[in-house]
Each structure stands twice: as structure tokens, then as C-alpha cells.
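Please put together the full structure from these sequences, using the hints given.
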Amino acid sequence: MTGFMRGYVRTVDGVNYHIGRVMMYGIFVMMGILLWSSISKTFFLPSLWTLEMAQFAMVAYYIMGGPYSIQLGSNVRMDLFYGRWSVQTRAWVDSFTVLFLIFFLGVLLYGGIDSLIYAIQYNERSPTAWRPVLWPIKSVMCLGLFLMILQAVSELFKDIAHIRGEEL
Amino acid sequence: MSYEMIAILMFASMMLMLMTGQRVFGAIGAVAAVAALALWGTGGSVIPFSASMKLMKWYPLLTLPMFIFMGYVLSESRIADDLYKMFHVWMGPVPGGLAIGTIGLMVLISAMNGLSVAGMAIGATIALPELLRRGYDKRMVTGVIQAGSSLGILVPPSVVLVLYAMIARQPVGQLWLAGILPGLLMAGLFILYIYLRCRISPGLGPVLPPEERAGIAFAEKVRLLGAGVLPLVIFATMMVPFVNGWTSLVESSAIGALAALVAAVLKGRMSRTVFETSVRQTLAVSCMFMWIIVAAMAFGAVFDGLGAVKAIESLFTEKLGLDPWMILILMQLSFILMGTFLDDTAMLVIVAPLYIPLVKALGFDLIWYGVLYTITTQIAYMTPPFGYNLFLMKAMAPKEIGLKDIYASIVPFVLVMVLALAIVMAFPQIALWLPHQVYGL
Amino acid sequence: QSKIRWRMQTYAGVALADHVIRPAIESFNKIAGDEMEIELYTADQLVPTGELFRAMQQGTIDAVQSDDDSMASPTEVTVFGGYFPFASRYSLDVPVLFNQYGLNEIWGAEYEKVGVKHISAGSWDPCNFATISPIKSLDDLKGKRVFTFPTAGRFLAQFGVVPVTLPYEDVEVAMQTGELDGVAWSGITEDYTVGWAGPAKYFLTNNISGAWIGHFFANMDRWNEVPERLQELLRVCMDQSHYYRQWWYWGGEARLRVEGTKMELTSIPDEDWDKVETAARTFWDEIAQESETKAKIVSIFRKYNEDMQKAGRPYRYSKA
Ligand code: NA
Ligand code: NA
Chain A
1 MTGFMRGYVR
11 TVDGVNYHIG
21 RVMMYGIFVM
31 MGILLWSSIS
41 KTFFLPSLWT
51 LEMAQFAMVA
61 YYIMGGPYSI
71 QLGSNVRMDL
81 FYGRWSVQTR
91 AWVDSFTVLF
101 LIFFLGVLLY
111 GGIDSLIYAI
121 QYNERSPTAW
131 RPVLWPIKSV
141 MCLGLFLMIL
151 QAVSELFKDI
161 AHIRGEEL
Chain B
1 MSYEMIAILM
11 FASMMLMLMT
21 GQRVFGAIGA
31 VAAVAALALW
41 GTGGSVIPFS
51 ASMKLMKWYP
61 LLTLPMFIFM
71 GYVLSESRIA
81 DDLYKMFHVW
91 MGPVPGGLAI
101 GTIGLMVLIS
111 AMNGLSVAGM
121 AIGATIALPE
131 LLRRGYDKRM
141 VTGVIQAGSS
151 LGILVPPSVV
161 LVLYAMIARQ
171 PVGQLWLAGI
181 LPGLLMAGLF
191 ILYIYLRCRI
201 SPGLGPVLPP
211 EERAGIAFAE
221 KVRLLGAGVL
231 PLVIFATMMV
241 PFVNGWTSLV
251 ESSAIGALAA
261 LVAAVLKGRM
271 SRTVFETSVR
281 QTLAVSCMFM
291 WIIVAAMAFG
301 AVFDGLGAVK
311 AIESLFTEKL
321 GLDPWMILIL
331 MQLSFILMGT
341 FLDDTAMLVI
351 VAPLYIPLVK
361 ALGFDLIWYG
371 VLYTITTQIA
381 YMTPPFGYNL
391 FLMKAMAPKE
401 IGLKDIYASI
411 VPFVLVMVLA
421 LAIVMAFPQI
431 ALWLPHQVYG
441 L
Chain C
1 QSKIRWRMQT
11 YAGVALADHV
21 IRPAIESFNK
31 IAGDEMEIEL
41 YTADQLVPTG
51 ELFRAMQQGT
61 IDAVQSDDDS
71 MASPTEVTVF
81 GGYFPFASRY
91 SLDVPVLFNQ
101 YGLNEIWGAE
111 YEKVGVKHIS
121 AGSWDPCNFA
131 TISPIKSLDD
141 LKGKRVFTFP
151 TAGRFLAQFG
161 VVPVTLPYED
171 VEVAMQTGEL
181 DGVAWSGITE
191 DYTVGWAGPA
201 KYFLTNNISG
211 AWIGHFFANM
221 DRWNEVPERL
231 QELLRVCMDQ
241 SHYYRQWWYW
251 GGEARLRVEG
261 TKMELTSIPD
271 EDWDKVETAA
281 RTFWDEIAQE
291 SETKAKIVSI
301 FRKYNEDMQK
311 AGRPYRYSKA
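Chains as they are written, first to last, in our numbering: chain A, 1 to 168; chain B, 1 to 441; chain C, 1 to 320.
None of these hints come from the bench; they were simulated from the model.
One should not assume that every hint holds.
[As the list claims (entries may be wrong)] With a Cα cut of at most 27 Å, we get these calculated DSS-like pairs of lysine-lysine:
hint, chain 1, residue 1, chain 2, residue 2
1, B, 138, B, 394
2, A, 41, C, 142
3, A, 41, C, 136
4, B, 394, A, 158
5, B, 399, B, 138
6, C, 201, C, 136
7, B, 399, B, 85
8, C, 201, B, 360
9, B, 360, C, 262
10, C, 262, C, 142
11, C, 30, C, 3
12, A, 41, C, 201
13, C, 142, B, 57
14, C, 303, C, 275
15, B, 221, B, 267
16, B, 57, A, 41
17, C, 3, B, 319
18, C, 275, C, 201
19, C, 30, B, 310
20, C, 310, C, 296
21, B, 319, C, 142
22, B, 310, C, 3
23, C, 201, C, 262
What follows is the structure, given as C-alpha cells:
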């Protein structure tokens with residue numbers, strides 16, 4: 001079991017780390033789109049696609065980058081009690097409460113897949129003049145949510161290991 | 001189940017989940033998801049995802065990563081060092097002068113940035129070690145930096161006021177202008193407090209020794225004033241095109257981020273490490289905010305669709321039978337109370353949509369309320385047990401500053417902020433005068 | 001038997017909803033008493049408009065007030081709902097088209113295919129430009145970022161308009177933050193009611209469309225669960241809402257053009273206007289080629305407009 005968990009954690013953390021390292025440069029993608037938007041607006045005709053494209057980039061950025069942000073420990077917690085607990089106690093509590101987190105992510109993913117199927121079935125397009133098809137961004141969102149769940153499970157395994165006094 | 005029961009149940013389980021110390025977005029999102037599945041009826045399971053689609057369409061959120069990046073570039077590249085030196089030499093002879101100078105520094109940084117994070121980072125890395133070395137009282141200076149950095153969301157540009165504008169459907173330009181005088185008032189009150197405290201007990205903020213002051217030539221002092229120009233230039237590259245309508249808000253935020261990047265490169269401070277830290281931290285902090293907003297939006301939609309919003313509205317407007325001012329004061333108090341436990345982003349997304357229609361129905365000015373709202377959010381940001389400042393301070397401060405010091409340090413400043421809140425409530429013109437002048441209302 | 005509860009979301013923001021839907025829903029709830037209650041939610045309140053159709057199809061939302069176009073319904077009729085250039089001129093045109101020219105049947109069948117009950121159509125809005133800088137010729141449209149319906153956007157793009165779609169409630173702020181230069185969405189009554197008349201100081205009197213069509217829809221299963229008597233009451237109250245809009249807009253347009261102080265009225269020259277009308281007919285031809293159903297609807301619009309033309313005054317005042 002420990003062997004499996006170790007392997008899982010190493011693989012998932014590794015994959016999410018690399019994806020996150022790529023996604024973090026997404027800030028320049030957003031910046032580039034918005035700068036092009038201001039340039040084209042000032043000197044030529046305003047572009048149809050910039051605002052929406054920037055929104056897609058933002059969504060990809062935070063959803064696909066989400067697992068790496070968990071690894072970085074940037075998702076704040078209210079530490080009124082948590083801050084005072086021992087590492088062991090935290091691992092115990094976390095290993096239960098992370099199930100709630102996984103549940104939330106699962107419901108998000110369920111809705112995402114439902115919405116993605118709809119988008120593919122009806123070839124859904126954004127109701128804008130640019131009219132981009134929506135399945136690509138919805139696929140990215142679903143993939144990101146799936147990776148988030150994998151990462152949350154990895155956190156659970158790490159907590160279980162902590163309780164057993166091991167380190168994965 | 002009655003609407004009141006649902007409201008109480010959802011809020012109580014959210015508080016409980018938060019207390020367990022699970023990640024804030026997970027705690028809020030889980031309550032939303034459970035309630036959606038258990039209480040909504042058919043189709044409740046798609047609400048959380050549809051909240052994430054709502055977030056995608058909320059275009060001003062694009063300013064968030066831009067301002068975060070800008071803040072990290074400014075703090076990591078230490079281009080604010082000169083700025084700090086400027087305040088240092090000019091304010092040195094005054095009791096508590098360095099602390100007063102730090103507030104000045106915070107005001108300038110606030111004008112370059114839409115969030116509090118940058119001020120906190122710059123204050124903790126540049127000002128704090130220097131102040132401690134000069135024998136300033138650790139609790140006072142810790143408080144100074146936390147309070148000062150909170151000005152970031154009141155002094156324009158401000159992401160919080162942009163999000164408020166979206167929720168309240170009020171013009172961003174007017175809201176930003178409305179934040180300026182209350183922001184300066186609050187900075188002034190902080191300075192007054194520091195000055196008086198240090199006059200009474202000079203040990204808290206010793207005057208710079210005369211021999212050190214003599215070591216700085218007047219020409220050098222004048223040269224340092226030039227450091228104050230940089231923030232003005234960055235502020236102007238961002239704000240001038242926006243105010244003139246050449247660029248939109250989100251475009252301007254990208255220009256601001258670029259301006260900060262260019263400034264850091266030109267000053268020769270954009271090393272590999274600085275670049276890597278800024279880019280990585282921008283992702284980390286943006287993700288923190290965005291995930292909380294998704295969870296809070298899901299919570300808000302479920303809460304609303306289950307009728308709990310109606311329960312709260314009727315509680316305030318009918319059941320309590322109070323006059324408008326009492327309701328307003330009560331709302332602010334409940335806001336501050338919730339703010340101690342809730343994160344300020346979540347507060348904005350969950351609580352603001354509840355209160356804003358009420359405030360409007362009571363006949364109050366929504367621009368003015370935006371300022372009250374922001375000050376309350378600042379207080380929420382400061383007060384334990386939950387506040388970003390607490391995390392950031394703990395992460396950035398030197399070891400000699402413990403959690404106890406951080407908690408204790410904010411008390412006088414929170415009182416000053418409550419005073420500022422009361423003043424702006426009593427004299428709405430402090431907020432409204434400037435936007436009325438500029439927009440000719 | 002327990003009370004039936006419906007959640008209904010409208011396309012309209014809070015201020016507009018107070019006119020175009022809330023009175024009808026309040027009447028319905030009053031009459032339905034303990035048997036049924038509709039809880040009304042405004043634009044994007046529970047689900048974003050982009051997800052609105054899916055949410056209704058699935059039962060997350062029980063009923064919807066919207067045009068076909070803004071909720072992006074996956075049907076053949078979508079393009080006609082939000083704005084179809086010059087398809088109608090007066091507010092009575094819409095109920096006549098639906099009740100006497102056969103559109104009801106087409107809409108009913110199209111929505112049944114996707115699990116949605118089309119209850120009623122009959123609302124109509126004029127669709128004028130309200131902009132931050134004045135429009136005095138067709139050239140002034142070039143490069144303007146305008147909030148409008150998707151189909152309107154497709155049509156107007158040939159005149160250099162840059163169509164932008166945003167959440168309804170964000171439009172006013174978007175004009176202030178520079179995301180938008182104006183709207184091509186409504187008549188002057190709505191501009192004043194929802195606050196667009198603040199940032200948008202100019203109103204173009206030529207209405208490039210007169211074909212906004214408002215509908216009521218419900219999730220098919222929810223609809224079938226409602227007793228016949230209450231279904232009838234729903235229809236009556238929805239018709240009442242169409243009627244409210246008829247006089248509210250008709251009276252408001254005239255009064256605000258005459259007495260309104262926030263907007264300056266402009267017009268574009270007749271020869272420019274002819275170009276727009278000609279372009280509209282070409283646009284109709286293109287749409288008609290897309291499918292059989294679309295061709296049928298376009299032919300109905302043509303027939304109706306010819307009939308109106310022949311009938312002469314007061315139906316149509318055109319040169320011919
Ligand atoms: Na600021
Ligand atoms: Na707090």
C-alpha cells in the first residue's frame with residue numbers, strides 16, 4: 001500500500017508540478033493579449049477576440065495552475081485552531097476534511113463534464129460576434145479539475161503517511 | 001425547511017468547516033456542493049460549475065493577476081528601496097519618524113497597486129528590518145506595516161472597489177475617486193497616532209541620532225526626493241490612458257504590470273531569481289483568490305436559490321423594525337464580525353450581494369457605501385483569527401516577531417480604522433466631494 | 001398537496017425586471033395562492049446567461065424569460081429571437097406574427113425537440129443605439145465597441161461595429177471602464193430605466209431593428225407537472241406581461257424623446273439608412289440558405305412585411 005501511495009504521490013505531484021511551471025507563464029499570455037487589445041484599439045480597429053481570449057487564458061491559468069498552487073501551500077486556511085495543532089493532529093483532521101474538498105471538486109467536475117458534453121453535442125459557441133466554440137475551454141477546465149482531484153488525493157496520501165509516521 | 005433555517009444552517013456549517021483549518025476554498029465550496037445536492041432538487045449538481053463559468057465572464061477579474069504580478073515585481077526587485085530611503089532621511093528627525101515615513105511609503109505603494117499584498121511584502125522586507133535595527137518597538141512597527149498596507153485597497157487603483165463596482169453596478173471611476181480622501185484621512189490618523197504615541201513614550205520610536213543625520217548631505221536628500229518620481233510615473237502610465245478613455249480598465253492593469261516590469265529591468269534589478277519568484281508567486285496568489293471566488297460564487301448562488309437571501313432581507317427590513325441608520329450600523333457591525341472569520345474576498349462575493357440591495361433600498365448612496373464597505377474589508381483583512389496580513393506577516397517577518405506580537409500589534413490600528421469608518425459615516429462628503437467635483441454631479 | 005415552487009430566471013437586470021416581469025409574477029403568485037409560487041431571479045443571479053438554456057433543460061432552473069439569441073438556445077430559431085433586422089416595426093407585429101402567421105407552431109416544435117416548453121411570445125423592443133459619442137452618419141459606427149445581441153452583432157459588423165457580449169448587469173460599468181462605447185440593445189425607455197442613459201449621452205433615433213422578441217420557456221417535465229388550471233393561469237399572466245411591455249415602451253419612447261434630459265437625439269441621413277435596409281435583405285437571404293426551417297421563417301417575415309406594406313397607413317408609412 002505504501003509503495004502504491006508513494007508511487008502515486010511521486011507521479012501526480014511530478015505531473016502537476018510540470019504543468020504548473022508551464023501555466024505560471026500564462027500571466028504573460030494574458031498581459032500580451034490585453035496589451036495587443038490596447039494597441040489595436042488605439043492604432044487600428046478594436047479586436048473582436050481579445051477580451052474573451054484573455055478570459056479563456058485566465059480560466060486555464062487558475063484551474064490548470066491550481067494543483068501547483070496546492071503544492072506551493074498558497075491556499076490559505078483559517079488557522080485559529082489549526083495553527084496550534086501538532087503536525088500529527090493536523091494530518092488527522094486534514095485527512096478527513098480533505099474529503100470535503102475532493103467532494104467539492106468532484107461536483108465541479110461532474111458539472112463540467114455535463115456542460116462539456118452539451119457543448120460537443122450542440123457544437124456550442126459563445127454568443128458573441130467572435131463566436132468561438134466552447135468545447136476547447138470546457139475541456140481544459142475539466143482536465144484541470146481532474147488534476148485538482150488527483151492533487152487533493154495526493155495530499156490525502158501524504159496526510160495518511162504522516163499519521164503513520166512516514167514521509168512520502 | 002424554512003428559509004431562515006437554510007440561512008442559519010449554511011452559514012453555521014461554513015464557519016464550522018473553516019474552523020477545521022481546511023483550505024478556505026474547499027471549506028466554502030464543500031458546503032455549497034452539499035447544499036446544492038441535498039436541498040436544491042433537480043439539477044442542483046451543476047451549480048458549482050456554472051459558478052466557474054460566471055467567474056470567466058466577470059471580466060474585471062483579469063486585473064487581479066495583473067496587479068498581483070505588479071506588486072511582486074515592485075517588492076521582489078526592491079525598486080522601492082530608494083523610496084524608503086527618501087522617507088528615512090526626510091522623516092528621521094521626528095519622533096517615530098521612520099514609522100511615519102513607512103506610512104507615507106505605503107500610501108505611495110498603494111497608488112501603484114490594487115491590492116494590499118504588495119505593500120505588505122515591501123513593508124515587511126524593506127521597512128521592518130530597518131525599523132527594528134533602529135530600536136523601534138516591534139509591536140508598533142508590525143502594526144504600522146499591516147495597517148499601512150491595508151490602504152492598498154482604498155487608495156486607487158483598487159481591485160476591491162472594482163469588484164464592488166461590479167456587484168453594486170456603480171461607476172468604478174467615481175468609486176476610485178471616492179476612496180482617495182478617506183484613504184488619506186486614514187493615513188493621516190495613523191500618522192497622528194504614531195506621532196502622539198512616540199511623543200508620550202519616545203522609546204517606541206527613537207529619533208535618528210544627530211550624528212547620522214549630519215552625515216547626509218543636503219544634496220543627497222534632494223536627490224532622494226527623485227525616488228518619489230518613479231511611483232508617480234508608474235501610476236501615470238496606468239491611469240492617464242484609463243481616465244482619458246484610451247484604454248479600458250483591464251487593459252490599463254496590463255499596462256501597469258508592464259510598466260513595473262520595465263522599471264525593474266531599467267533599474268537593473270530584474271535578476272533570474274526575482275523574475276522566477278514574481279512569476280511563481282503571482283500564480284500562487286492568483287490561484288488562491290480565484291479558487292476562493294469560485295467557491296464563494298457557488299455558495300452565493302445556492303444560498304440565493306434556496307431562498308436564504310430573502311430570509312436575511314426580511315430580517316433586516318421587516319422583522320427588526322429599525323430605522324435606516326440603525327440597520328446600516330448593524331450591518332457594518334455584522335460585517336466586521338463576519339470579517340474576523342471570513343476571508344475578505346469571500347466576504348465580498350457572499351455578503352456584498354446580500355447587503356447592497358438593502359443599502360440601496362434604504363436610500364443610501366452606493367458610492368459612499370462602497371467606501372464604508374472597503375474600510376470594513378480592511379478591518380476584516382486585519383483582524384484575527386482570519387486575515388491575509390496574518391499569514392503574510394508570519395511568513396515574512398523576522399523570527400523575533402511572534403504570532404502574539406502580530407495579533408497584539410493591530411489593536412490600536414484597528415481602533416483608528418473604526419474611528420475613520422465612523423468619521424466617513426458621519427460625514428459622507430469626505431468620500432463624495434471629490435467624485436462630485438470631477439464628474440460635476 | 002404541497003405547494004409547487006418554480007425558480008424562474010429572466011434575462012433582465014433588476015431595474016428592468018421591475019417592469020418587464022415582476023408585476024406579472026406577483027399577480028401569478030397572488031392568484032395561485034397556496035398552490036404554486038414562482039421565485040423570480042434576475043440576470044445571471046443563479047446561473048450565468050451563457051449556461052441558462054442548459055440549466056433550464058436540466059431542471060436547475062424551472063422557467064426562463066429570454067430571447068432565443070442571448071440564451072444561445074440550440075435551435076434553428078435562435079438567430080431570429082434577439083434581433084432580426086427590420087423584421088418588425090411595431091410592438092403589435094410580434095404577437096401577430098406568432099398568433100396569426102404561424103410562428104408559434106414553429107417555435108413550439110423546435111423547443112420540444114430539446115426538451116423545453118415554449119409557453120409564450122409577444123414582447124417586443126425597439127433596438128436603438130445609445131452611445132458615448134454621437135452617431136450622425138454610418139461612418140460614425142466604425143470601430144465602436146457595442147453591447148448587442150449576437151445576431152445583431154453579425155449584421156452590424158459589416159458597418160464596422162465591434163460587437164461585444166457581456167453579462168447584462170455589467171454593461172453600465174463597462175461603459176465607464178472603457179470596455180464599451182455604447183449599446184445597441186433597446187429603446188430609450190430601457191436606457192433610462194436601467195441607467196445606461198448616464199454614461200451613454202447620445203441616442204440614435206433610427207432603430208436598426210424592431211425585432212427583439214421576448215419569450216417564456218419552461219423545463220418540459222416541470223411544465224407537465226403543473227395542473228392544467230395553473231398552466232392556463234401561467235399563460236394569462238405571461239400575456240399580461242407582454243401587454244404591460246406594449247404600453248410601457250410605447251408611452252415611454254415618446255415621453256422620453258420629448259421630455260428626457262439625459263440623452264441627446266441624433267439621426268443618420270436617409271441615403272445611409274437605405275444602405276442598412278438593403279444590407280438587411282441580403283442578410284435575410286444568407287440566413288434563409290442555412291436551413292429549411294430558417295428559410296420558412298424568413299419567408300413568413302417577407303410575407304408579413306409585404307402585407308403590411310400593401311395595407312398602407314397606419315401599418316407602414318414607407319415611401320413606396
Ligand atoms: Na491601491
Ligand atoms: Na479577519
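Evaluation of the provided hints:
Taken as a hint, the residue 138 of chain B and residue 394 of chain B pair is honoured in the structure, with Cα atoms around 14 Å apart against an allowance of 27 Å. A C-alpha spacing of about 12 Å is found between residue 41 of chain A and residue 142 of chain C, which places the hinted pair at or below 27 Å, so the restraint holds. As the CA atoms of residue 41 of chain A and residue 136 of chain C are separated by approximately 21 Å, the hinted pair is consistent with the 27 Å bound. For the suggested pair residue 394 of chain B and residue 158 of chain A, the alpha carbons sit about 24 Å apart, so the restraint of at most 27 Å is met.
Annotation: proposed proximity of residue 399 of chain B to residue 138 of chain B holds, straight-line Cα distance about 11 Å (limit 27 Å). Under the criterion of a C-alpha separation no larger than 27 Å, the hint pairing residue 201 of chain C with residue 136 of chain C is consistent with the structure, at around 13 Å. Taken as a hint, the residue 399 of chain B and residue 85 of chain B pair is honoured in the structure, with Cα atoms around 24 Å apart against an allowance of 27 Å. Taken as a hint, the residue 201 of chain C and residue 360 of chain B pair is honoured in the structure, with Cα atoms around 24 Å apart against an allowance of 27 Å.
With a C-alpha separation of about 22 Å, the suggested pair residue 360 of chain B and residue 262 of chain C falls inside the 27 Å cut-off, and the hint holds. Only pairs whose Cα atoms come within 27 Å are accepted, and residue 262 of chain C paired with residue 142 of chain C is accepted, the gap being roughly 24 Å. Taken as a hint, the residue 30 of chain C and residue 3 of chain C pair is honoured in the structure, with Cα atoms around 13 Å apart against an allowance of 27 Å. At most 27 Å may separate the alpha-carbon atoms for a hinted pair to count; residue 41 of chain A and residue 201 of chain C meet this at roughly 22 Å.
The suggested pairing of residue 142 of chain C with residue 57 of chain B holds, with an alpha-carbon distance near 25 Å, which does not exceed 27 Å. For the suggested pair residue 303 of chain C and residue 275 of chain C, the alpha carbons sit about 22 Å apart, so the restraint of at most 27 Å is met. Between residue 221 of chain B and residue 267 of chain B the CA atoms are separated by roughly 20 Å; this keeps the pair inside 27 Å, and the hint holds. The straight-line distance between the Cα atoms of residue 57 of chain B and residue 41 of chain A is roughly 21 Å, inside the 27 Å bound, and the hint therefore holds.
Taking the CA atoms of residue 3 of chain C and residue 319 of chain B, the gap is near 24 Å; set against the 27 Å cutoff, the hint holds. Distance hint between residue 275 of chain C and residue 201 of chain C is fulfilled; the C-alpha atoms sit about 25 Å from each other, no more than 27 Å. At roughly 18 Å between alpha-carbon atoms, residue 30 of chain C and residue 310 of chain B fall within 27 Å of each other, so this suggested pair holds. Annotation: proposed proximity of residue 310 of chain C to residue 296 of chain C holds, straight-line Cα distance about 21 Å (limit 27 Å).
Of the supplied pair hints, the one linking residue 319 of chain B and residue 142 of chain C is violated, its CA atoms being roughly 54 Å apart against a limit of 27 Å. Note on residue 310 of chain B and residue 3 of chain C: the hinted pairing holds, with a Cα-Cα distance of about 18 Å set against a maximum of 27 Å. With a CA separation close to 6 Å, the supplied pair residue 201 of chain C and residue 262 of chain C stays within the 27 Å bound.
In summary, the structure is inconsistent with hint 21 from the numbered list given earlier, while agreeing with all the others.
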